[in-house]
Amino acid sequence: MNTRLGIHIEELTFHYDEEIPALNGVTLEIPDNAYLAIVGQNGSGKTTLVKHMNGLLKPTTGRVWVYGQDTRTTPVGQLAKIVGYVFQNPDHQIFCATTREEISFGPRNLGLDAATVRARTEEALELFGLTPYAETPPAVLGFGLRRKVSVASVYAMRPRVLILDEPTMGLDWRSACELMRLLDELHHQGHTIILVSHDMRIVAEHAPEMLVMHEGRILAQGPTREVFQRAEDLDRAQIAPPQITQLGQRLSPWGLPRDLLTVGEFVEAYERLRIDRSRSEIAP
Amino acid sequence: MSTMYDLYQPGSSWLHRMDPRAKLLLVAAGCALALLFSNVWIMLGLLLWAHLSLWSARTAGERITMVWKATLPTMILIWVFWVALYRGQGPVICSLGPMDVTPYDLAQGGAAALRIGALAFIVMSCLFTTDQATLVRGLVALGLPYEWGLTLAIALRYLPTMAGIFRMISEAQQARALDLTRGNLIQRARAHLPIIVPMLITALRTAENLSRALESRALGASRRRTYLRGLRFRPADLAWTIGIIATTVLLFWARFALGFGVHPLRPWP
Numbered sequence: 001m002n003t004r005l006g007i008h009i010e011e012l013t014f015h016y017d018e019e020i021p022a023l024n025g026v027t028l029e030i031p032d033n034a035y036l037a038i039v040g041q042n043g044s045g046k047t048t049l050v051k052h053m054n055g056l057l058k059p060t061t062g063r064v065w066v067y068g069q070d071t072r073t074t075p076v077g078q079l080a081k082i083v084g085y086v087f088q089n090p091d092h093q094i095f096c097a098t099t100r101e102e103i104s105f106g107p108r109n110l111g112l113d114a115a116t117v118r119a120r121t122e123e124a125l126e127l128f129g130l131t132p133y134a135e136t137p138p139a140v141l142g143f144g145l146r147r148k149v150s151v152a153s154v155y156a157m158r159p160r161v162l163i164l165d166e167p168t169m170g171l172d173w174r175s176a177c178e179l180m181r182l183l184d185e186l187h188h189q190g191h192t193i194i195l196v197s198h199d200m201r202i203v204a205e206h207a208p209e210m211l212v213m214h215e216g217r218i219l220a221q222g223p224t225r226e227v228f229q230r231a232e233d234l235d236r237a238q239i240a241p242p243q244i245t246q247l248g249q250r251l252s253p254w255g256l257p258r259d260l261l262t263v264g265e266f267v268e269a270y271e272r273l274r275i276d277r278s279r280s281e282i283a284p
Numbered sequence: 285m286s287t288m289y290d291l292y293q294p295g296s297s298w299l300h301r302m303d304p305r306a307k308l309l310l311v312a313a314g315c316a317l318a319l320l321f322s323n324v325w326i327m328l329g330l331l332l333w334a335h336l337s338l339w340s341a342r343t344a345g346e347r348i349t350m351v352w353k354a355t356l357p358t359m360i361l362i363w364v365f366w367v368a369l370y371r372g373q374g375p376v377i378c379s380l381g382p383m384d385v386t387p388y389d390l391a392q393g394g395a396a397a398l399r400i401g402a403l404a405f406i407v408m409s410c411l412f413t414t415d416q417a418t419l420v421r422g423l424v425a426l427g428l429p430y431e432w433g434l435t436l437a438i439a440l441r442y443l444p445t446m447a448g449i450f451r452m453i454s455e456a457q458q459a460r461a462l463d464l465t466r467g468n469l470i471q472r473a474r475a476h477l478p479i480i481v482p483m484l485i486t487a488l489r490t491a492e493n494l495s496r497a498l499e500s501r502a503l504g505a506s507r508r509r510t511y512l513r514g515l516r517f518r519p520a521d522l523a524w525t526i527g528i529i530a531t532t533v534l535l536f537w538a539r540f541a542l543g544f545g546v547h548p549l550r551p552w553p
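Chains as they are written, first to last, in our numbering: chain A, 1 to 284; chain B, 285 to 553.
Just so you know, nobody snuck in bad clues.
FRET-style restraints, in silico, Cβ to Cβ:
id, chain 1, residue 1, chain 2, residue 2, range
1, B, I470, A, E11, 41 to 49 Å
2, A, H188, B, Y430, 54 to 62 Å
3, A, G25, B, N468, 40 to 48 Å
4, B, W352, A, P257, 53 to 61 Å
5, A, R63, B, Y430, 54 to 62 Å
6, A, G25, B, I480, 34 to 42 Å
7, A, G25, B, Y430, 51 to 59 Å
8, A, K58, B, P357, 19 to 27 Å
9, B, P357, A, V263, 55 to 63 Å
10, A, V267, B, S506, 53 to 61 Å
Which bits of chain B does chain A cover? Going by a derived footprint, with three or more residues having C-beta under 8 Å, they are:
id, stretch
11, 442-456
12, 461-469
13, 485-492
Please keep in mind that the hints were generated in silico from the structure rather than gathered at the bench. Every residue gets a Cβ at the ideal spot worked out from N, C-alpha and C, and that includes glycine.
Here chain A stands alone, though its shape is the one from the complex (with noise of 0.2 Å):
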């Protein structure tokens, strides 16, 4: 029995078949209320190692405790109630007649009493802007409110862990703003986010950690901002950083800051450069 908050990964090693290892000796420590952005290419492992983070797949060998429970003994239905996770295809979860239904569905199958599953489903409607849609089949919505759907019938769990697999994926650039606004919030409330992406640019305006998988090890894990200075580790991984973060790294000649995340920070940077320059020329 492991009493640690958060989720702990010790040597973890995973095979789909009997060839090459999905996971290779991974070890992890995510602490409670973190905040953290998996990324690497097409098949390097980051979905396989999430899916072990809430039971759905279980160690050929090495542990994974979370909150406390081995994972290879304790059902997925159990540690759902601790760790959600959103599935890429929202389609992939939708099937009630009605959206309220579809929200309801998560907190009626951990055995809440009615008056708790109403509460966490309105609340659930109201905090995603879906109370409009409520009583709508959520088959029927456009692809970014039925990603809403899908995020929100797993808050309505409550659980303290939420994992978002590519949440931004096919969302216009406004969808996709309001739903890291949302999750930053739950972030904000005490919930730890795990995100896997592609999209570096919105890793790098939200989640102060990130992790590298490359070929299924960690290749590079720290706060995303140290992360994103590790050229040799990302070109191995074939990530680029974001374009504004690239931008300020061949400036750095010139005087800006190579660890820039931001359009805001750039911009704060080069207002700091400026006023600092006509200082100095003003300096006899």
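Start from chain A and add chain B according to the hints.
The following block gives chain B in isolation, referenced to the frame of chain A:
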């Protein structure tokens, strides 16, 4: 993620080289024989023949395991139900409550179960060794309208994809605390509803997108189709065709005239 998205495995074995029309005849004859007889040894023989064919075509063990994984639960279920519900002839080996089990029941249930396995492997020996385009060409050459042939080939092509989607949906719903293991048979069947509905929606969306993609690539624009690869019916294919027809006719005659393969245990009456 290891998901098989195409049943066809390229190769140059005798089964790969066989003309699709001869191969379809082989499959049809094999299936007809599996349905014709009820003898456990004949079913085992057909299953063995299908396995030898796949082995000689160097089919990957992973694919053979996949077919076994898909058919074995059904085979076991058929065998158990047959033995439990059917009261045959002969001495009783044991009694389970009101049910008496006889060697005849065991053999008849075994033959019925093995028939499912034999049918699956006979069909798969064709699908594992024939690419989609060649299969459609074969069906069209036998007189099937091109669109029908294409529909059949696409349906077969999407079987493993759909199996992968089923697994993914099942995982997505289990992550929402759906328990598929609790309750009796009816409750368990009902618990699959959250998997079946998204499965249907996904299948319909895929079908709609695929039909639009095919139309946008000019399917059906011309009445007369031309073909990139022509079919060649070689002397070996002719020999196979004659051999298949002769064996099938002989076995049909033996079955109806002599009662061969009717008894579940003894080949001859």
